[in-house]
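When you get a sec, could you build the whole thing from the sequences and use the hints?
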Amino acid sequence: MALLVKHMLGLEQVEREDIETILDTAASLQEISYRPVKKVPTLRGKTQVNLFFEPSTRTRTSFEIAGKRLSADVVNFTASASSLSKGETLADTARNLWAMRPDILVVRHSAAGAPHLLAKLLDTPIINAGDGAHEHPTQALLDMFTVREKKRKLSGLKVVIAGDIAHSRVARSNIYGFSKMGAEVWVVGPPTLIPPGIERMGARVSYRLEEAIPDADVIMMLRIQLERGAGSLFPSLREYAIRFGLNPARMRLCKPDVLVMHPGPINRGVEISPEVADGPYSVILDQVEAGVAVRMALLYLLCAGAEHEDTDQGRT
Amino acid sequence: MALLVKHMLGLEQVEREDIETILDTAASLQEISYRPVKKVPTLRGKTQVNLFFEPSTRTRTSFEIAGKRLSADVVNFTASASSLSKGETLADTARNLWAMRPDILVVRHSAAGAPHLLAKLLDTPIINAGDGAHEHPTQALLDMFTVREKKRKLSGLKVVIAGDIAHSRVARSNIYGFSKMGAEVWVVGPPTLIPPGIERMGARVSYRLEEAIPDADVIMMLRIQLERGAGSLFPSLREYAIRFGLNPARMRLCKPDVLVMHPGPINRGVEISPEVADGPYSVILDQVEAGVAVRMALLYLLCAGAEHEDTDQGRT
Amino acid sequence: MALLVKHMLGLEQVEREDIETILDTAASLQEISYRPVKKVPTLRGKTQVNLFFEPSTRTRTSFEIAGKRLSADVVNFTASASSLSKGETLADTARNLWAMRPDILVVRHSAAGAPHLLAKLLDTPIINAGDGAHEHPTQALLDMFTVREKKRKLSGLKVVIAGDIAHSRVARSNIYGFSKMGAEVWVVGPPTLIPPGIERMGARVSYRLEEAIPDADVIMMLRIQLERGAGSLFPSLREYAIRFGLNPARMRLCKPDVLVMHPGPINRGVEISPEVADGPYSVILDQVEAGVAVRMALLYLLCAGAEHEDTDQGRT
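Chains as they are written, first to last, in the numbering used here: chain B, 1 to 316; chain A, 317 to 632; chain Y, 633 to 948.
Worth flagging that the hints you see were computed from the coordinates, not collected in a lab.
Treat each hint with caution, since some may be false.
Using 25 Å as the maximum straight-line C-alpha spacing, the simulated DMTMM-like pairs for lysine to aspartate or glutamate come out as follows [what the hints assert, rightly or not]:
#1 Y:LYS782 - Y:ASP910
#2 A:LYS355 - Y:GLU939
#3 Y:LYS671 - Y:GLU686
#4 B:LYS120 - Y:GLU907
#5 A:LYS474 - A:GLU527
#6 B:LYS39 - B:GLU149
#7 Y:LYS782 - B:ASP123
#8 B:LYS150 - A:ASP439
#9 Y:LYS671 - Y:ASP918
#10 A:LYS496 - A:ASP340
#11 A:LYS436 - B:ASP286
#12 Y:LYS752 - A:ASP602
#13 A:LYS466 - Y:ASP918
#14 B:LYS39 - A:GLU623
#15 Y:LYS752 - A:ASP594
Pair by pair, the computed Cβ-Cβ distance ranges are [claimed, not checked]:
#16 Y:PRO827 - A:LYS466: 50 to 56 Å
#17 B:LYS120 - Y:ARG784: 30 to 36 Å
#18 Y:ALA723 - A:ARG520: 32 to 38 Å
Stretch-level coverage of chain Y by chain A, calculated; a stretch enters the list once three of its residues show a Cβ under 8 Å from a Cβ in chain A [stated by the list, open to error]:
#19 666-680
#20 720-734
Heads up, the beta-carbon is just placed ideally off N, CA and C, and yes, glycines get one too.
Printed below as a string of structure tokens:
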């Protein structure tokens, strides 16, 4: 079992077949996290480096827990304690790490394309843990995993992604992913937060939640990323909450088996009300939980792929 | 062997029986740290998350070493590299971590009651590693462990805690702990640093070291927490050192087998003189050493308790 | 197999015999990093604490990977998240860590002599990972390892170290190390960056690259440490690059089998041009790779030495 891709840089270039392999593998690995002994020796003696150039809580921790449950040696590298403050380039930092013979690199960077650059330079498998406003493929994979677990399918579902589409790598990866799996993806938000040409990615556009959600199977609310300047693109948080927040009144328009998702961290009372975030339709914590399983699957599949390739070339 | 409590939030609500179980378990685990191979498989496959919202050296490191010597997978989460800078609430952060299925959470937070809030929200065992000026129960347990190792008992001892009582979670936990174990606890300091009503916690009050220390079995000097504003509550550090510092002259008033303790970090020359801190009565490094054993005991007992509970409820 | 020294504080006091033992051990351990399972149980149950008071990427990560590949439990302690912000002294911090029974301490500090101070206070083996402008012995050891792997010898080679000699602990350690191994060491740079009396360390001095490099076997370019104030000691970066940068024109003066080295991080276009850094003579990434092997060797040898000593004294 191996993937067609050598790296997980984004879902734009990934085949449906690979997505299915990842989700199936995650499903088989998830039970490890429920055992009393949450650990298998699969990646024993592998070195996983988490190379994070942006602050992160859940993603870094999720990758670290995923690696440790597979018995990998996990090394965290964060930019604040790094040579980057001494002016070293990203490429030099990565080449240096590569020379220490890691088996896999997990990379988060504020620049779109940073993981792709590293994949060109290095022969170590790379997982993109978020690059600028470009892609966040493991988030989309865990979102698809969560929906598939609940709905037993992805094809034919209507998925509404609402909020700050323009700044969201989560939105981009989910549009690619769900579309490839046969779902119909809608994006909803104020015109200033919907990038022009988004339809070419396969999404339908609406500017009113009320239009999009009544027949939705999945509603994914995105975080208003105030720290990235989204706040200047609409009049006020209060007005945003009134027009685009998911609240109990809007939930009454929805199908009774709709799933409410959010990649976190949540701005409670802005894009989602506390009643909805903590309510019966919410699968937000299932998403977090799925994150560990999906990342275990990717670490396993990409490390296994790298070994397979080594053997093919007689290099082992 | 399990505790009556499911969490270790503070010593106020803990029974004497539990304290004895913890100290006995620590005594049996301490020798692991003297072996050439300092590691037992007890917590293999358990995920321990250290969730620190305040900077810490010894406490975080002590918990990390304790967990690793029991073979737990230890994940450090510190606030500076976290979603909290994106405005996420403590409860949401904790719920997210919980969804990654940790087996135990070690929490330090500047807000009194933060670990108690998490214990209400989550079914994961929680250890309070210090919450505001409220409690620091593992410090008090390691203090009691240290005294018990040296004196072979706690009951009947006179324990003097001196310094900045008002700001000290260490003082509060030690007053509860030593009192429950039958020791007599005195607190000493300038009136501005002794909170009103402290007698109701079981402590006797004195405003002069000379009055309290001559028949003391244990003198615990607290750090003047300049970083928390204690400096505005007395005229000067120099005057504080003269009136309330433990120095060789005052040591001559003490019993020949008195123990001098300090939770660290020390302000040398303020609350304690270097001669005393490094002198023959000092057990300050024994305290640090005991910290690893006591934390190993708590990690073990609370994880074992959680498993036991799972079995009872048929959830394993 | 054990070293004559108990600590690795610097190469000034280390015998040639110890250097050979370390390089031989590193050579035998290096292949572990090429295995599919990069892990041996040598240091299982040992606690390695990385005590870093200065930011570092490659050195801290290299030590962490080295320790983990030997199965040590590695604990990272960095100053920013520490009691040092509460005014604790270096000695107290170290004594506290010592009380947690680490088996080895890796120390980086901005003050020259800090690891030596700790070695006097503690009976735990200490590795100096860089102290001020004094020594950085593991860098010199990995440099010697790299050269020895390529040239099959060290004795009789001409080694040119060029750049900011005055601020460079790397230069100092390499002058001691290569000289002891029988190499001839030259230092080159503008007079303001060459400390007076450097000849007494065994180095020859030149102020012109063109004079030193034509018959060099090794050219080691040092980083201009702008963050340490080197920039005020010469007119401009551009002029420095013109007079002392290693570029393709200067490479044409060199022997065809010369090795170009750099301890990193590189200022591309200042002390070394990108064509040379990435060119055929460059062994810069071999140096990084050697770092893991050399550090594995030191961790192993010093831990083994400490155990041997314990046995001798009947303390195990």
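Need the status of pair Y:LYS752, A:ASP594: alpha-carbon distance at most 25 Å? Cα-Cα ~15 Å, so holds.
Are there at least three residues in the segment 720-734 of chain Y whose beta carbon sits under 8 Å from a beta carbon of chain A? holds (count 12)
Quick one: see if chain A covers the segment 666-680 of chain Y, three-plus residues with Cβ-Cβ under 8 Å. holds (count 4)
Holds or violated: B:LYS39 and A:GLU623, Cα atoms, limit 25 Å. holds, 16 Å
Would the hint linking A:LYS496 and A:ASP340 be met if the CA-CA limit is 25 Å? holds, 16 Å
CA of A:LYS466 to CA of Y:ASP918, is that 25 Å or under? violated, 54 Å
Below or equal to 25 Å on CA atoms is what counts here, so check B:LYS39 against B:GLU149. holds, 23 Å
Next pair to validate is A:LYS436 with B:ASP286; report whether the Cα-Cα distance is within 25 Å. Holds, at roughly 20 Å.
Verify the proposed pairing of Y:LYS782 with B:ASP123, using a straight-line Cα cut of 25 Å. holds, 23 Å
Is the Cα-Cα distance between A:LYS355 and Y:GLU939 25 Å or less? holds, 16 Å
If you draw a straight line from the CA of Y:LYS671 to the CA of Y:GLU686, is it 25 Å or shorter? violated, 28 Å
Go ahead and decide if the range 32 to 38 Å is satisfied by the Cβ distance of Y:ALA723 to A:ARG520. holds, 35 Å
The structure does not agree with the numbered hints 3 and 13 stated previously, though it agrees with the rest.
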